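Colleague: Protein chains in written order, with numbering that gives the first Met the number 0: chain W, 0 to 428; chain L, 0 to 279; chain X, 0 to 235.
One thing to keep in mind: the hints can contain errors.
The calculated label-pair distances, taken between Cβ atoms and stated as ranges, are [what the hints assert, rightly or not]: (1) L:Asp-82 to W:Val-262: 51 to 59 Å; (2) X:Leu-214 to L:Leu-141: 17 to 25 Å; (3) L:Ser-66 to W:Pro-240: 25 to 33 Å; (4) W:Ile-11 to X:Gly-145: 34 to 42 Å; (5) W:Thr-38 to L:Gln-48: 31 to 39 Å; (6) W:Ala-328 to L:Leu-141: 49 to 57 Å; (7) X:Asn-140 to L:Gly-91: 29 to 37 Å; (8) L:Lys-120 to W:Val-324: 22 to 30 Å.
It should be emphasised that the hints constitute simulated quantities derived from the structure, not laboratory data.
Only a predicted model underlies this, so the values are computations on that prediction, with no experimental measurement involved.
A virtual CB, placed ideally from N, CA and C, is assigned to each residue, including glycine.
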Amino acid sequence: MTEMTASPPAAIHSGKAAQARLRRRYRAERRFRWICMATLGIAAVFLVILMGSIVSRGWTGFLATQMKLTVTLDASQIDPENPAQGNYRMLVVAALQNEFPEATSRSDMRALLGMVSNGAYVELTNLVADDPSLIGSTVDIWVPAASDLDMLNKGYIDRDSAEDLRRVDDQTLAWVDQMKADGSIRTVFNWTFFTTGDSREPELAGIAGAALGSFWMLLVTFLVSFPTGVAAAVYLEEFAPKKRWVDIIEVNINNLAAVPSIVFGLLGLAVFLNLMHLPRSAPLVGGLTLALMTLPTIIITTRAALKGVPPSIREAAYGIGASPVQAIAHHVLPLALPRLLTGAIIGMAQALGETAPLLMIGMVAFIVDLPGGPLDAATALPVQIFLWADSPERGFVEKTSAAIMVLLGFLVFMNGIAVFLRQRFEVRW
Amino acid sequence: MVMTQEAKHDAAQADAVTIGVDRLPRIDGHMKLQARDLKLWYTDKQALQGINIDIPERQVTAFIGPSGCGKTTFLKCLNRMNDTIEGVRIEGSATLDGADIYDRSVDVVQLRARVGMVFQKPNPFPKSIYDNVAYGPRIHGLARNKSELDEIVEHSLRRAGLWNEVSARLSEMATGMSGGQQQRLCIARTIAVSPEVILMDEPCSALDPISTARVEELIDELRENYTIVIVTHNLQQAARVSQYTAFFHLGRLIEVNQTPDVFQNPKERMTEDYITGRFG
Amino acid sequence: MPPTQHTVRSYDSELEKIDRHILAMGGLVEAQLRGSMEALVEGDRAMAQRVIDSDAQIDEHEREVDELVTRVIALRQPMAEDLRRVKTGLKVASNLERMGDLAANIAKRSLVIETPHQVPQREALRRLGNAVYGMTTDVLNAYRDGDAALAQRVWRQDESIDDMYNAIFLAILADMIADPRVISPGTHVHFVAKNIERIGDHATNIAEMVTYMILGSLPDPDRPKGSSVQGAEEQT
Numbered sequence: 000m001t002e003m004t005a006s007p008p009a010a011i012h013s014g015k016a017a018q019a020r021l022r023r024r025y026r027a028e029r030r031f032r033w034i035c036m037a038t039l040g041i042a043a044v045f046l047v048i049l050m051g052s053i054v055s056r057g058w059t060g061f062l063a064t065q066m067k068l069t070v071t072l073d074a075s076q077i078d079p080e081n082p083a084q085g086n087y088r089m090l091v092v093a094a095l096q097n098e099f100p101e102a103t104s105r106s107d108m109r110a111l112l113g114m115v116s117n118g119a120y121v122e123l124t125n126l127v128a129d130d131p132s133l134i135g136s137t138v139d140i141w142v143p144a145a146s147d148l149d150m151l152n153k154g155y156i157d158r159d160s161a162e163d164l165r166r167v168d169d170q171t172l173a174w175v176d177q178m179k180a181d182g183s184i185r186t187v188f189n190w191t192f193f194t195t196g197d198s199r200e201p202e203l204a205g206i207a208g209a210a211l212g213s214f215w216m217l218l219v220t221f222l223v224s225f226p227t228g229v230a231a232a233v234y235l236e237e238f239a240p241k242k243r244w245v246d247i248i249e250v251n252i253n254n255l256a257a258v259p260s261i262v263f264g265l266l267g268l269a270v271f272l273n274l275m276h277l278p279r280s281a282p283l284v285g286g287l288t289l290a291l292m293t294l295p296t297i298i299i300t301t302r303a304a305l306k307g308v309p310p311s312i313r314e315a316a317y318g319i320g321a322s323p324v325q326a327i328a329h330h331v332l333p334l335a336l337p338r339l340l341t342g343a344i345i346g347m348a349q350a351l352g353e354t355a356p357l358l359m360i361g362m363v364a365f366i367v368d369l370p371g372g373p374l375d376a377a378t379a380l381p382v383q384i385f386l387w388a389d390s391p392e393r394g395f396v397e398k399t400s401a402a403i404m405v406l407l408g409f410l411v412f413m414n415g416i417a418v419f420l421r422q423r424f425e426v427r428w
Numbered sequence: 000m001v002m003t004q005e006a007k008h009d010a011a012q013a014d015a016v017t018i019g020v021d022r023l024p025r026i027d028g029h030m031k032l033q034a035r036d037l038k039l040w041y042t043d044k045q046a047l048q049g050i051n052i053d054i055p056e057r058q059v060t061a062f063i064g065p066s067g068c069g070k071t072t073f074l075k076c077l078n079r080m081n082d083t084i085e086g087v088r089i090e091g092s093a094t095l096d097g098a099d100i101y102d103r104s105v106d107v108v109q110l111r112a113r114v115g116m117v118f119q120k121p122n123p124f125p126k127s128i129y130d131n132v133a134y135g136p137r138i139h140g141l142a143r144n145k146s147e148l149d150e151i152v153e154h155s156l157r158r159a160g161l162w163n164e165v166s167a168r169l170s171e172m173a174t175g176m177s178g179g180q181q182q183r184l185c186i187a188r189t190i191a192v193s194p195e196v197i198l199m200d201e202p203c204s205a206l207d208p209i210s211t212a213r214v215e216e217l218i219d220e221l222r223e224n225y226t227i228v229i230v231t232h233n234l235q236q237a238a239r240v241s242q243y244t245a246f247f248h249l250g251r252l253i254e255v256n257q258t259p260d261v262f263q264n265p266k267e268r269m270t271e272d273y274i275t276g277r278f279g
Numbered sequence: 000m001p002p003t004q005h006t007v008r009s010y011d012s013e014l015e016k017i018d019r020h021i022l023a024m025g026g027l028v029e030a031q032l033r034g035s036m037e038a039l040v041e042g043d044r045a046m047a048q049r050v051i052d053s054d055a056q057i058d059e060h061e062r063e064v065d066e067l068v069t070r071v072i073a074l075r076q077p078m079a080e081d082l083r084r085v086k087t088g089l090k091v092a093s094n095l096e097r098m099g100d101l102a103a104n105i106a107k108r109s110l111v112i113e114t115p116h117q118v119p120q121r122e123a124l125r126r127l128g129n130a131v132y133g134m135t136t137d138v139l140n141a142y143r144d145g146d147a148a149l150a151q152r153v154w155r156q157d158e159s160i161d162d163m164y165n166a167i168f169l170a171i172l173a174d175m176i177a178d179p180r181v182i183s184p185g186t187h188v189h190f191v192a193k194n195i196e197r198i199g200d201h202a203t204n205i206a207e208m209v210t211y212m213i214l215g216s217l218p219d220p221d222r223p224k225g226s227s228v229q230g231a232e233e234q235t
């Protein structure tokens with residue numbers, strides 16, 4: 000460009016060539032912006048598809064179908080001293096026969112019973128146990144419907160298909176229609192989903208056991224990994240001499256953060272179960288294993304948080320005669336705390352969603368009871384999802400997706416807290 | 000012997016220019032800080048080449064010199080702030096009231112309470128004004144109760160010329176103050192631990208002229224009670240506030256004398272060239 | 000002048016400007032002195048008028064130097080030798096301006112004297128004028144070349160100038176006592192001799208300042224004086 004040497008500096012930026020260069024730049028920037036937005040758009044589309052498919056499959060899991068039974072609590076079938084041993088099957092059959100007198104044959108009666116969930120018997124037991132005076136009277140009671148009915152009610156079974164291909168035969172269909180007309184079938188919010196543990200029956204299955212198991216596990220993980228991780232990070236960042244062995248430790252910590260989680264599961268199996276003989280399937284073991292997995296993450300994020308505190312603060316503290324420990328405790332840690340907590344919460348959120356290591360250490364069993372503490376056998380939310388996803392019953396499909404929604408909800412919530420903490424407590428210096 | 004200009008400049012490389020102990024000026028009074036053959040290495044690089052200097056008590060001594068000459072490094076030796084830097088090695092001696100400050104038995108924390116430091120960029124803690132000043136006395140246990148602490152805080156803020164401006168808002172964040180006020184707060188914070196020496200590393204370089212004037216006025220007042228050592232790039236400031244001036248170059252102490260002599264009639268060619276703007 | 004350059008080159012050019020004005024002033028003062036002596040001793044009235052008219056130029060230079068020095072002090076905050084140089088420039092200019100005035104006075108007086116060729120002590124006066132002219136030239140060279148030794152020699156010459164002036168004074172006194180007709184021209188001659196001696200004093204001041212500028216210290220404060228004449232010697 001010969002003009003450049005001849006013309007004064009001002010002309011470099013105002014000539015035609017300059018305009019052309021500027022236009023090229025703007026075009027390049029526009030392209031870049033479009034690419035970014037397109038990427039975001041694609042990600043958003045995938046997110047929508049993912050969320051959409053999960054929600055569309057799972058939202059019905061939060062609903063439960065119930066049947067109203069008019070049951071005569073025949074004293075001959077129930078022993079007041081021992082209500083649990085009462086022959087409630089008989090009572091239910093009787094109630095249903097009352098409702099549908101045309102059901103006379105044995106197969107008819109099986110079909111009738113097939114409409115009612117096994118949980119009905121539990122309901123009746125609890126009713127009588129709470130109030131033995133009811134024995135002999137006739138009560139109306141809403142009981143959970145069987146899974147097939149539940150699926151029918153929610154529209155998952157195609158009424159128009161051939162009878163052989165349907166799980167619900169025509170006779171049952173007719174009964175269901177009749178009950179609907181009577182108002183004996185209703186759809187309510189599925190509280191049992193949140194209050195009961197796992198079950199063979201989809202309509203009775205809940206995530207409470209898994210949620211509690213996850214809770215105990217996360218508690219153990221937090222209590223073990225947070226103090227250890229923060230202390231290790233503080234030492235490595237502030238006090239460790241710049242020697243070779245310290246460098247080796249740092250490198251190893253960074254590598255550990257990238258190790259596949261199933262390896263930690265193997266470690267947990269070998270050490271916590273085989274060597275230390277801790278109870279299998281206990282949240283304690285799961286928590287310890289995940290603590291090992293989360294530790295590198297916490298160390299790394301804590302170190303980053305500590306590095307984020309400007310050295311001028313430390314210098315000021317030293318200048319007044321604060322010892323290194325005082326400088327860290329009084330100044331550096333409080334200022335690093337928001338970022339530190341954010342990192343810890345994100346680490347916990349990751350731990351919440353881990354499945355593979357828990358499979359290795361046995362938190363995969365079918366456990367009905369709710370765990371009372373970290374030592375009781377339990378399962379965890381992601382594992383529960385894994386188990387349900389494997390189940391053949393139709394009813395578990397919606398439960399699986401519903402459980403996924405709950406898990407995602409928790410993760411979003413935890414990340415939300417992390418963001419809130421960071422914004423609220425960020426200190427400007 | 001008349002030296003040509005070139006030869007004079009070559010002398011910069013020669014050790015002969017460095018002040019040996021025998022060439023230190025005779026100063027009356029008690030020497031608060033002394034350095035004898037103090038050398039410092041940053042890993043392999045030698046930053047200080049055997050410094051000999053006396054810092055008189057209750058006077059202001061200014062360290063001047065071009066960038067990288069070691070004046071800040073040497074300043075930081077006087078309260079062992081260089082200890083916090085990895086790979087620093089020190090030989091020779093530095094004494095406070097005659098006692099070696101690098102002796103093993105010396106508690107660094109206590110030394111830094113006796114020899115305070117004010118930094119180039121004001122660095123108040125992100126706490127309230129009160130807490131900033133009270134932090135030092137708290138950790139050193141200088142106050143037995145709240146009212147004593149209040150007294151120390153007020154006294155320090157008054158000494159720093161800040162009391163009238165902040166007495167009504169002691170609980171406000173220190174980071175909300177202007178640069179000049181923050182620097183005076185840092186000075187108040189340093190005074191609050193009752194030091195004997197105050198080291199200042201270019202305290203006014205980040206401040207506007209009015210704040211600079213206030214700080215210089217403050218230095219003048221503080222001289223009555225504290226020994227002050229100030230590193231500055233501003234030659235006029237050095238000439239204004241100090242009684243003694245030391246000129247450093249490439250890790251060596253080239254000249255040290257009473258300030259009027261250094262600025263009107265320097266003995267060394269290098270000093271003359273630096274202060275008249277003929278350097279580099 | 001110091002050979003090394005300031006990092007900011009405009010600083011050096013400002014100092015050089017001051018030097019040029021002073022050396023120009025110095026040249027003018029030399030010419031004024033020579034011209035006024037000629038006007039007096041040869042009776043050249045035209046020359047006398049030229050000298051009187053040229054004084055304004057010297058005053059103009061002095062104003063320039065004053066302004067330049069003020070600028071340098073305000074903007075450059077000169078230190079050490081720069082400060083001495085600038086201080087010296089100001090004082091030298093002031094002294095040169097006075098020397099110019101005195102030379103113009105001599106020229107004015109020469110117009111008043113009716114019989115210049117009959118002026119008493121004419122030769123002595125010429126010798127005194129030459130001596131002072133020599134001092135002036137030397138001290139200006141010392142300023143230009145940074146020659147402290149030369150400046151000191153000039154400084155020591157003041158004693159002999161004083162002696163020469165005293166001799167002329169005594170001689171004129173004797174002449175006036177001997178012949179009352181000599182009183183009028185003799186008084187004029189005395190004033191002229193006094194002016195020349197004052198010019199010599201100013202040259203000595205300049206020599207002092209030049210020594211200070213180069214060496215950083217003034218010469219011995221007890222400047223040697225000529226022998227005092229009863230009651231008629233002024234304090235310098």
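Colleague: Compare the structure with each hint and give your call.
Modeller: Comparing the hints with the structure gives:
Taken as a hint, the range 51 to 59 Å is violated for the pair L:Asp-82 and W:Val-262, whose Cβ atoms sit roughly 42 Å apart. At roughly 54 Å, the beta carbons of X:Leu-214 and L:Leu-141 sit outside the given window of 17 to 25 Å. For L:Ser-66 paired with W:Pro-240, a C-beta distance near 30 Å keeps the hint of 25 to 33 Å intact. The hint said 34 to 42 Å for the Cβ distance between W:Ile-11 and X:Gly-145, and at roughly 48 Å that hint is violated.
Evaluation of the 31 to 39 Å hint for W:Thr-38 and L:Gln-48 yields a failure: the beta carbon distance comes to about 58 Å. Look at W:Ala-328 against L:Leu-141: about 19 Å separates their beta carbons, and that is not inside 49 to 57 Å. Range check, X:Asn-140 to L:Gly-91: Cβ separation about 52 Å, and the 29 to 37 Å hint is violated. Judged by the Cβ atoms, the range 22 to 30 Å given for L:Lys-120 and W:Val-324 holds: they are separated by roughly 25 Å.
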